[in-house]
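Student: Residues per chain, in single letters:
There are 2 protein chains.
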Amino acid sequence: MTAKLVYFFGGGKAEGGSEMRNLLGGKGADLAEMSNLGIPVPAGFSISTEVCKIYFDHDRHYPQELDQEVRNAVSQVEEIMGAKFGDVSNPLLLSVRSGARVSMPGMMDTVLNLGLNEETVQGLIEQSGNERFGWDSYRRFVQMYGDVVLGLRPESKEEEDPFEVIIEEAKEARGVKLDTELTAEDLKDLVVRFKQTIKDKKGMDFPTDPWAQLWGAIDAVFGSWMNQRAVTYRRLHGIPGDWGTAINVQAMVFGNMGDDCATGVAFTRDPATGENEFFGEFLINAQGEDVVAGIRTPLEITRKRSMELAKQRGSSEEERRDNYLSLEEHMPEIYEELEGIYKKLEHHYRDMQDIEFTIQRKKLWMLQTRRGKRTAEAAVRIAVAMAEEGLIDKNEAVMRIMPEELDRLLHPQFDPKAEKNVIAKGLPASPGGASGRVVFHAEDAEEWVERGEKVILVRIETSPEDIGGMHVAEGILTSRGGMTSHAAVVARGMGTCCVAGCGALNINYSSKEMHIDGYVLKEGDHISLNGSTGEVMTGQVPTVEPELTGNFGRLMEWADEVRKLGVRTNADTPKDAEVARQFGAEGIGLTRTEHMFFEADRIKAMREMILASDEAGRRGALEKLFPYQKDDFYGILKAMRDLPVTIRTLDPPLHEFLPHEESQQQEMADEMGISLEDVKQKVVQLHEFNPMLGHRGCRLGIVYPEITEMQARAIIAAACELTKEGINVYPEIMVPLIGTREELAHQREIVDRVAEKVQEEYGVRVNYMVGTMIEIPRASLIADKIAEVADFFSFGTNDLTQLTYGYSRDDAGKFLAAYDEMKILPEDPFQVLDQEGVGQLVLMGVEKGRSTRPDLKIGICGEHGGEPKSVEFCHRVGMNYVSCSPYRVPIARLAAAQAVLRRSQ
Amino acid sequence: MTAKLVYFFGGGKAEGGSEMRNLLGGKGADLAEMSNLGIPVPAGFSISTEVCKIYFDHDRHYPQELDQEVRNAVSQVEEIMGAKFGDVSNPLLLSVRSGARVSMPGMMDTVLNLGLNEETVQGLIEQSGNERFGWDSYRRFVQMYGDVVLGLRPESKEEEDPFEVIIEEAKEARGVKLDTELTAEDLKDLVVRFKQTIKDKKGMDFPTDPWAQLWGAIDAVFGSWMNQRAVTYRRLHGIPGDWGTAINVQAMVFGNMGDDCATGVAFTRDPATGENEFFGEFLINAQGEDVVAGIRTPLEITRKRSMELAKQRGSSEEERRDNYLSLEEHMPEIYEELEGIYKKLEHHYRDMQDIEFTIQRKKLWMLQTRRGKRTAEAAVRIAVAMAEEGLIDKNEAVMRIMPEELDRLLHPQFDPKAEKNVIAKGLPASPGGASGRVVFHAEDAEEWVERGEKVILVRIETSPEDIGGMHVAEGILTSRGGMTSHAAVVARGMGTCCVAGCGALNINYSSKEMHIDGYVLKEGDHISLNGSTGEVMTGQVPTVEPELTGNFGRLMEWADEVRKLGVRTNADTPKDAEVARQFGAEGIGLTRTEHMFFEADRIKAMREMILASDEAGRRGALEKLFPYQKDDFYGILKAMRDLPVTIRTLDPPLHEFLPHEESQQQEMADEMGISLEDVKQKVVQLHEFNPMLGHRGCRLGIVYPEITEMQARAIIAAACELTKEGINVYPEIMVPLIGTREELAHQREIVDRVAEKVQEEYGVRVNYMVGTMIEIPRASLIADKIAEVADFFSFGTNDLTQLTYGYSRDDAGKFLAAYDEMKILPEDPFQVLDQEGVGQLVLMGVEKGRSTRPDLKIGICGEHGGEPKSVEFCHRVGMNYVSCSPYRVPIARLAAAQAVLRRSQ
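In order, the protein sequences belong to chains B and F.
Quick note: the first sequence uses the working numbering, first residue 575, plus one each step.
Quick note: the second sequence uses the working numbering, first residue 575, plus one each step.
Hints should not be assumed to be uniformly reliable.
Identical chains share a label here; the pair holds if one copy fits it or two copies do between them.
Calculated pairs, BS3-like style, for lysine-lysine (alpha carbon to alpha carbon, straight line, at most 30 Å) [claimed, not checked]:
1) Lys627 / Lys1359
2) Lys994 / Lys885
3) Lys937 / Lys1359
4) Lys1397 / Lys1028
5) Lys1397 / Lys1331
6) Lys776 / Lys917
7) Lys1086 / Lys1028
8) Lys1397 / Lys1431
9) Lys1388 / Lys1178
10) Lys1298 / Lys751
11) Lys776 / Lys762
12) Lys578 / Lys658
13) Lys1178 / Lys1397
14) Lys1388 / Lys1359
15) Lys1443 / Lys1028
16) Lys1256 / Lys1028
17) Lys1397 / Lys1256
Calculated directly from the structure, the hints in this document are not laboratory data.
Just so you know, these numbers come straight off a predicted model, no measurement behind them.
Looking at chain B on its own, in the form it has when it is part of the complex (with noise of 0.2 Å):
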């Protein structure tokens, strides 16, 4: 082991830097980097992930070196800070924070103020002049070690912190009703009470040694690693176990020492809107963690913001003077000083950043930087803006949204014009429109999901615990908090829609229902939130179809000019064509034609169809469908006029169109004129023990040719019919569920034979295409042969991830979740291409199909078709174009973009 663990930062210089991430974590990594840069940085020690490795490597021990470089480091921070760590007259206190590669926010463990006992806390005081400071700091110094390292924090939220307990006692005691309306003897005796019950719960005396203190936090903080929150969080993003934490040990300062001093979080830019202007929040004389929790509501950083906030208030400038006075005005030179530095800051990063400071008698120190978290609309909007001032290009641009998260931008928002009832008004943490039923506990919110509810979690504040609960939510609301809160944090992070701190909530747990204005809301009572506005709604608000314009726009026209996949959508109807040509589809992939045999008037006469004994009654009542298939193919080309449009003949089970319950059965025999036994014995005949692996797609139209007869004519009929409007349709005629050439060498001669039956009858030619989908393990294997007769492939993969893993997608919930448990799949294949299995046969697909064909015309329509990492294997595996639902057509093109500037890194 000659590897260096630990990495110093402070005094202008720094061991580490940004590029350092996996090896110091972020946190880490930024602190060296802004120690580099000249930017005040407390000084301190990062004890690098390896070790965390190491540590659960070998049985919870650390390498033998560790223990020198911690000394060195820690002399060297008490060389740049004039402090010593452990001395009585003039104490280096320490902070010990967790810090991994990517960002888990209250996910770990962090111990601060360590260093104190009964004879430097003497020395603190000496330091700061305030007796009660030092009191103050040690006995968060206990209470937070006591908690953190020794164990004594309450499994559950059910479950008091013996701490709290203790200081509830002492301001009943003194009658007051703040913690800090106690006095410097009051915080003193709770530091003895505070020993005496650790003694108690532990069987052991509060640790006085700081080296030992030391080793006991950076203990807990690795162990923390493996905490069931941080297992979880990890699971949900995806964060490898195996990555680690590393630690960071910095020299405290302090923004409690008095009204001097003070502690703050900012965004370089608006992380809701992404407009280009600081944006901050402060709480003069307290620790940084008081902001974050969100127990005092902050205060604005610039005086442009604080203004605002006293207009919506309708507060007077006085008013806004003695209550929201902002940093600029507060301290000046202290927020011009924090100026230079987020903009050097920004800069340098070439992004948003997320930045902490404290303030400790007029001196600034920065505590962290990076990058910020954002809604998507401000992502986009930042990185738009970001390239048009010259800081990225536009590719990177490009490159900075992830495509997931414009799925937010283009769901439905409010209708403007909708009656809305708003009974309160938050603050507008995380954008977009959620409606839902109210309940007020995370584990209420994951039960009541679980059984198809749409719900709100509201919460008086949210916290680490509430991470599943929050995750299934369509929107969260809290009566506390700003808009940096865990709350609003982690709900931008979700892209789950949050209005936080909305103090007209008055939340009773106990008896399950809030007071608001009058209103009594119980759970289980509709109520509608924005997030963009911070509104709260009763009951469930009507949504309108999002606007795309704009950054979103101008990102879109930059991914286009990058991407060489087109995207396509998978539309039935005219109007699901129409949406997705003005969210830029470039044609349809996928029209399911059996959703049109559903509808009233049809389904008799499929059912007549279904029920007739030979071929001449099936023909009777092809014909009846006949019309309405061919205006449906009208509509639908037409709609997709200019554009190729993939229609799919005929591929559901015959049964799926014959009723299953006695009631509609009787129903059905009634109106046909047939007996009920009649009908209940085609039921029976067209049963089947695996509907998925039977008698549907093109085994129906080759047992039943007249079925894809009927088809193909209504779709070169309509195709003639628009032909003679002068209007340029491109049909490409799908047929399912092809395993063997033969097969598609069937149908396509039926089509082709079709086709110029009828286009000689309107005297057009039409130009149509006949191809397959690629769905079936078989059609993989043997698609050179296959592409003998056909035009284009299409994937189906759906159907191929069911067939190549063997799973129905109706019944395979039940050992997915097991099998999501315990690891056993790394993603839902279903949500996720499988490119280890599947994959293979999509290549194979791929390369045996232009093998023969190499013009053959390859795209996917499956639901990976709308899947960023699935796109990207799309573009890698050479298709022409991906295919998925309208809403999910600019995530495609943006990920196709992505797909070709990853590819030339």
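The hints should help you fit chain F onto chain B, whose structure is shown.
Tutor: Here is chain F on its own, set in the frame of chain B:
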């Protein structure tokens, strides 16, 4: 078109030979070969199969050169036969016969006596000195030509042949019963009436120009290649349509010129038993068709057989001399010549021959020689005997037997001790025992079998139209015809039991009943046939296992010396295992453990497990199953001592163990002391839309690891007990339905952990393996990864075929029948492994598996493991063994040997 179209033979020379079967057809090649061997063959020529192809490719037109080549060949024939085509005084008459690459008995058309007209018939009479013969030949020619060339043959058997009607009328008018009783004058009159009928029905005169007759016959014979019967036959026998047929035009010789004439067919060895004894039948004063059609019962060729027959029938020597005199006695010199020829032919062809000959005025002419069809029993005996005689080597003997043929030999025969009510005796035309219900029409046979019945087809005589019904029948019984009748030849080819020429039968087609010696048997009644003795019995006679000794054993030994593939069996019980060992199984390739759970006392515990609401409940129920399972494994491992036994862990979905009828559910509820509702709810809860793709296989053992634990414990405990008893056991634990590496790793961890514990408890070690079925397409695709945690692979090609094609075996019947008819699938992929598609996945699985684990043991346990073509494939891809049902073990052994020999050819 410069290639030669016509090939001459005759007079001890020929332009063709045996090696030219593809061009000249089997019959033409053999005629040429015989001619080259100096055997007396009527001169003639073959029109090649190429001409047939050109004919059909060019809208039924011949190449221009054909006319001249035919004329030249006819001249050569004239020269050698000393007669002239169309000559009035010494006319050459010709036969025109089809001759495909492989024999298609009775499927295509033939025209005999061609060249006769009102003038040439006089020449024939002159030459033969037999007026009746002349007119008989002429009326036969007109009738045949009318039927075949002019299309007067009725389409179905219900219609009557117009010529037969006229003959019947003539016989009635004459008051005679037999054709032979008609005089020359009668026959001459028939010719006139035949011609008039043709004129009436076809509006044309019967062609008198011999050349016009010849071209008409050539057209008709080529045309018959495409008739429905021929097309059906080719489909049943897998003969490609584009092979085409050749035509043999040959000088006529006559076996019906008088009592110094005869015609006959013979086999160089007994085609039923394989005994090395010349065996054949002949008729004095008859044409060849009379023998084959079975209209007159023919006589034996050898004296020995004649004596035997007389003995069998209880005839005196005098009766024998009067009625069954053999050719050997009738015409001793001719017999001697024939004996020399047959020995020469068998020696030349090194195989048993089926020959046809005609004796015209004491001169012997050979008309045909070809490989003789034979029963499976005879095939084995002949191959072994020829190898022992030094005619062929052992490997050739092994190659001589079609593995599928053995199926007959391996199936049960009638129990010799069983009570039998023999009601009649016919000829033992095709061996084996068969029971079934009587049907009298081929179409009925097909219908009855379609609905699941076993039938015996009973006919006066069979004809090519009956092929379909013969194919599905268990056995065939005819009242007329000999050992070389249509029924006998076809049944032997199919390996179907047949009793022919059972004269005691009195069949009434219209009332659908038959009378035998006082018994009346109606359609639907049960009868049994013994094709090895000729016995006809009432009812269903019980059967016994076949014994495999003698020739069969020798052949198997020779096969075993050659083959590289191991052959195991699929067996779930110790009894099956014993049977399979006797058939030469070298271990068990698949033991299905689920069958063990269905027995009365076990199913209750199984259901208890399924109904348990938690792991503890499941464990309790599994504990009850454990002793049963251990006993099961003990028994099967012991039966297969010294050989490996692959045991598959639980595979079917749990709902298969619950009753689905309400009455049974109630029973179960009562038995388990729960409510009917509880049972129903569980059934609903476990219901799956596509159980094939649902919660089964390893997915059970992963969600309920306690099941795998119990099974592993039972297997290893049984193995430990046997090991302690000094018995060598090699359990191979096989986890089904693996699709990811993680699944197998998970199950393997359980097995290894449990095995370790059990072995410690018993204090012995057992040699066990853990492996998987490869039956999910994805498993083949990632076989390299799976092999990292597998000791062996066993391809489950049943499921692999289902998933690769997307066919459910339970449901696919509906469309697979249509697919078969439309030739969309060349073969049923569940019968014969689809090498083109599924085979790719198998090959991939083998190659990838061995890429990470070179010593990976690989086998197959799907039903394809006993199908010869699939076995050859398994050999080719390098598997270690195949596993099949006990009765197919010898088939697999032979197929495995042939795979080696075929590859080394």
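Student: Work down the list of hints and note, for each, if the structure agrees.
Tutor: Hints, one by one, checked against the model:
For a Cα distance limit of 30 Å, the shortest separation of Lys627 from Lys1359 across copies, 25 Å, qualifies, whereas the shortest one inside one copy, 52 Å, does not. Taking the closest pair of Cα atoms, Lys994 and Lys885 come within 30 Å of each other only inside a single copy of the chain (23 Å); across copies the shortest separation is 110 Å, beyond that limit. Taking the shortest Cα distances, Lys937 and Lys1359 never come within 30 Å of each other, neither inside one copy (76 Å) nor across copies (58 Å). Taking CA atoms no more than 30 Å apart as the test, Lys1397 paired with Lys1028 passes inside one copy only; the shortest distance there is 27 Å, against 53 Å between copies.
Taking the shortest alpha-carbon separations for Lys1397 and Lys1331, only the inter-copy value of 26 Å comes in at or below 30 Å, while the best intra-copy value is 56 Å. Taking the shortest alpha-carbon separations for Lys776 and Lys917, neither the intra-copy value of 49 Å nor the inter-copy value of 106 Å comes in at or below 30 Å. Taking identical chains as interchangeable, the C-alpha atoms of Lys1086 and Lys1028 lie at most 30 Å apart only when both belong to the same chain, with a minimum of 17 Å there against 71 Å between chains. Proximity of Lys1397 to Lys1431 under the C-alpha cut-off of 30 Å is restricted to the inter-copy arrangement: shortest distance 28 Å between copies versus 37 Å within a copy.
For a Cα distance limit of 30 Å, the shortest separation of Lys1388 from Lys1178 across copies, 24 Å, qualifies, whereas the shortest one inside one copy, 36 Å, does not. With identical chains, the CA atoms of Lys1298 and Lys751 are never at most 30 Å apart, being 83 Å at best within one copy and 77 Å at best between copies. For a Cα distance limit of 30 Å, the shortest separation of Lys776 from Lys762 inside one copy, 21 Å, qualifies, whereas the shortest one across copies, 128 Å, does not. For a Cα distance limit of 30 Å, the shortest separation of Lys578 from Lys658 inside one copy, 24 Å, qualifies, whereas the shortest one across copies, 111 Å, does not.
With identical chains, the CA atoms of Lys1178 and Lys1397 are never at most 30 Å apart, being 48 Å at best within one copy and 34 Å at best between copies. Taking the shortest alpha-carbon separations for Lys1388 and Lys1359, only the inter-copy value of 25 Å comes in at or below 30 Å, while the best intra-copy value is 38 Å. Taking CA atoms no more than 30 Å apart as the test, Lys1443 paired with Lys1028 passes inside one copy only; the shortest distance there is 27 Å, against 57 Å between copies. Taking CA atoms no more than 30 Å apart as the test, Lys1256 paired with Lys1028 passes between copies only; the shortest distance there is 28 Å, against 39 Å inside one copy.
Taking the closest pair of Cα atoms, Lys1397 and Lys1256 come within 30 Å of each other only across two copies (28 Å); inside a single copy the shortest separation is 44 Å, beyond that limit.
Comparing the model with each numbered hint stated earlier shows that hints 3, 6, 10, 13 do not hold.
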